[in-house]
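Q: In terms of my numbering, the sequence shown is residues 202 to 321.
None of these hints come from the bench; they were simulated from the model. Computed from a predicted structure; not experimentally measured. Accuracy of the hints is not assured; some may be wrong.
[Said to hold, decoys possible] Keeping only pairs whose Cα atoms sit at most 20 Å apart, straight-line, the calculated SDA-like set for lysine to any residue is:
no. : residue 1 : residue 2
1   : K241      : D288
2   : K243      : R218
3   : K204      : K312
4   : K217      : K312
5   : K303      : K243
6   : K204      : N299
7   : K269      : A282
8   : K220      : E286
9   : K243      : I222
10  : K204      : E263
11  : K228      : K243
12  : K302      : K243
13  : K269      : T244
14  : K302      : E245
15  : K204      : K228
16  : K241      : Q266
17  : K302      : S272
18  : K302      : K241
19  : K220      : S272
20  : K269      : K303
21  : K220      : R290
22  : K220      : D287
23  : K303      : R218
24  : K243      : Q226
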Amino acid sequence: MSKCILVVDDDAMNLKRTKMILERQYKVLLAESGREALDKIKTEEIDLVLLDIAMPAMDGLETFQHMKEASVDVPVIFLTASGYEDDVRTAISMGAVNYLKKPFFPNELLKRVAMGLEEQ
């Protein structure tokens, strides 16, 4: 059975592009907000989360914090368009397994996802 990846991004084009890259190898679920992601994590069997840092209402770091508080033990790879090194450092210190700067190359995404799943 293929692994399930939850992609969380407030940009519909980013969601569509990421799904197209991943869906040949993985089951892909999409969420357009941190709140929607937290709801899906409660009801779905998720193996890895790709989580955008910069989102309105609840950003990726806050979403990740809620996951940790709920004892959700799923590898998280942060996606970031920002060049803010502090965000990346914060994400890694919180327990993220990796990060990927947007825009990314498809092969780089597939490689990081495979590495993230190995850390389960």
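Q: Which of the listed hints are not met by the structure?
A: Hints 1, 2, 5, 7, 8, 9, 10, 12, 14, 17, 18, 19, 20, 21, 22 and 24 contradicted; others consistent.
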